[in-house]
Amino acid sequence: MNKKKDNHWMLLAPIYLFTILFVALPILYMFLLSFLSRAQVWGVDFTFTLDNYKKILEPLYLDTFVQSLKLALVSTVLVALIGYPYGFFMARMNDRWKKRMMLLIMIPFWTSGLIRLYGWIIVFRSNGVLDKILQGMGLTEEPLKLLYSYPAVVVGMIYVLLPFMILSVYSSAEKLDDTLVEAARDLGASPFKAFWTVSFKLTLPGLLSGVVLSFIPSMGLFFIADILGGNKIVLVGSVIQEQVTKGRNQPFAAALSAVLMILTSLMIRLYRKITGTAKLENIV
Amino acid sequence: MSDVILQLNHIKKSFGGFPVLKGLDLKVNRAEFLTLLGASGCGKTTLLRIIAGLEDPDEGQVVLEGQDITTMEPNKRNVNTIFQNYALFPHMSVAENVGYGLKIRKVPRAEIKDKVEKMLYLVQMEGKGGASPNQLSGGQKQRVAIARALVNEPKVLLLDEPLGALDLKLRQHMQLELKRLQKQLGITFIYITHDQEEAINMSDRIAVMRNGILEQVGTPNEVYYHPRTSFVADFVGNANILKFHGETFAVRTENVLMNGEEACVHPAKVLEKSFAGGQLRILFLLEDGQQVVASRSGLDADMAEGSSVNIGWLDEHAVKVLDEGIYGDFGTSGEVTERQAAHE
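Protein chains in written order, with this note's numbering: chain A, 53 to 336; chain B, 7 to 350.
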């Protein structure tokens, strides 16, 4: 018995070690850092202060938070609306179509994400690919001036986040037992009712992890806003990055990160509570 | 005399060019327990799915109480199915599972609660309504699946090898219980199994299926004592299929006589003795090369392997049958070809 218990611990040890080293310690470091003050020239002054958090309440930074949350919400909702059906139907397809649909998601990963974002510049810029196509079809006459606009940033967000949503929905839709849907139909449910009461409910954990995988990064994907939004759209991620690199105010960047982290986890907890996915995850 | 509730007219179905059902006709009477008996791959599950509406036949009609329901959506049919793996909804409690059909049909909440409780009581699961299906044993899941189907008061209940996953003791117990429920509620059961004993124990009538057609439909007595074909005799009664003077006879193993009784007119050699299932089985080789299996209760008979004896059977125990072989399209094992060779 004892021996078995020991083995158990040994197996888990690397995971614990990894988590402590690369997740727990950095977070702890970040929180500690957020209560220190900025040194005059370079580095950190080890005096306790709440100034960093007070600074966040200034309208300039508060606005940034609101804007970031809004963009993250809009992007996540759109990603879910597009990604859920794609992932769900990909799981229902026969093997040949499954492979084709999977390939479509995988191809973009063959090049660097940054380069792909620069590709969107070519599409969006004045008299770029999109304008040419629309003008060619006679739908628009003037350039749309989409680059460095809010919609361009949203498109960029969706583009980057969509694969995570699709794969996460796909993995839970793959496990869905067809006989459950048949049982629902047999018991009197219309195709839509059967989908809503059985298929959707059972793939909700996949949708949730997709939402988590989209929502968290979308709060921090500053380079998308930088590349496709110009200076017009400033996100928390951009501010943090600027504070670390240009502003050299690491404690303030840490405070921003801490607030961002707390906000994100609160949003996800709320979401889980509303959808009741925590209960579902235990059974599926 | 009997009142037909479900009628299948010339049902045909192929999958990828391979015919699974080949023009099958069947009439099912109201409130009867009908078993579709056949080996795996004979098309019995496909037939059940066609009745449920989960599969469309290529040809033929499904008529329920005089109404053609061949193309009707499964949710509109007053027919419910118990699936082989129970198919309980894992995200719902036992009570929610049982009440699912009623909720879909917008039955008032209080009525659902009432009916679900009654049904859980009927399948001896009272007080388990709040449990999750994952906490249940196989037998309990089975009971919930039965309750979930029966609460909708279907005209016909389809059961696809519902006891297949249970151990022997539990299976025997559930056989009695299903039979009790069927009698008590007066609902027509169409029951699928490949276990001839189960079929004989439970059914009012048995439909023996083979390669997409029905070989024989009749009461357990008829099928057991008067098999129409060699296949039925072998599959249902484990009979010896013997050929004499160009005619084919089925002689069940327990009816083979030996040791100097009057009817023992066939000289034979003892090939093999084995003890299985509380019975001694003796394999004889007749002079014309046919093999005969005899079964006896008891541990041993005083004859050595290799010895020569006379065996035989009473005339009334040799039932004349149509020779249609004894194996389905899929049932060819080494032993099979050996025994087939002995037939030639």
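FYI, nobody ran anything at the bench for these hints, they're computed from the structure. Just so you know, even glycine gets a beta-carbon here, dropped at the ideal spot from N, CA and C. Among the hints, erroneous ones may be present.
As the list claims (entries may be wrong) - Result set (BS3-like, lysine-lysine): computed pairs, CA atoms no more than 30 Å apart in a straight line:
(1) B/K175 x A/K245
(2) B/K112 x B/K175
(3) B/K326 x A/K253
(4) A/K325 x B/K112
Claimed, not checked - Not everything, but these chain B residues come out facing chain A in the computed CB check (under 7 Å):
(5) F21
(6) T76
(7) T77
(8) N86
(9) G107
(10) P114
(11) R287
Taking the hints in turn, this is what the structure says about them:
Distance restraint check for B/K175 and A/K245: the Cα-Cα separation of roughly 39 Å exceeds the 30 Å cut-off, and the hinted pair is therefore not satisfied. The hinted pair formed by B/K112 and B/K175 fails the criterion: a straight-line CA distance of about 39 Å is larger than 30 Å. Taking the CA atoms of B/K326 and A/K253, the gap is about 58 Å. The hint is violated against a cut of 30 Å. Taking the CA atoms of A/K325 and B/K112, the gap is near 27 Å; set against the 30 Å cutoff, the hint holds.
Taking 7 Å as the C-beta contact cut-off toward chain A, the hint placing B/F21 at the interface is violated, the least distance being around 14 Å. Evaluation of the B/T76 hint against chain A yields a violated restraint, the C-beta minimum of about 16 Å exceeding 7 Å. Because the closest C-beta pair between B/T77 and chain A is about 15 Å apart, greater than 7 Å, the hint is violated. Satisfaction of the interface hint for B/N86 is found here, the shortest Cβ-Cβ separation to chain A being roughly 6 Å, below the 7 Å cut-off.
Using the Cβ-Cβ criterion of 7 Å, the hint placing B/G107 at the interface with chain A is satisfied: the shortest such distance is roughly 4 Å. At a threshold of 7 Å, the smallest CB-CB gap from B/P114 to chain A is about 16 Å, leaving the interface hint violated. The beta carbon of B/R287 is not positioned within 7 Å of any beta carbon in chain A (closest approach about 39 Å), and the interface hint is therefore violated.
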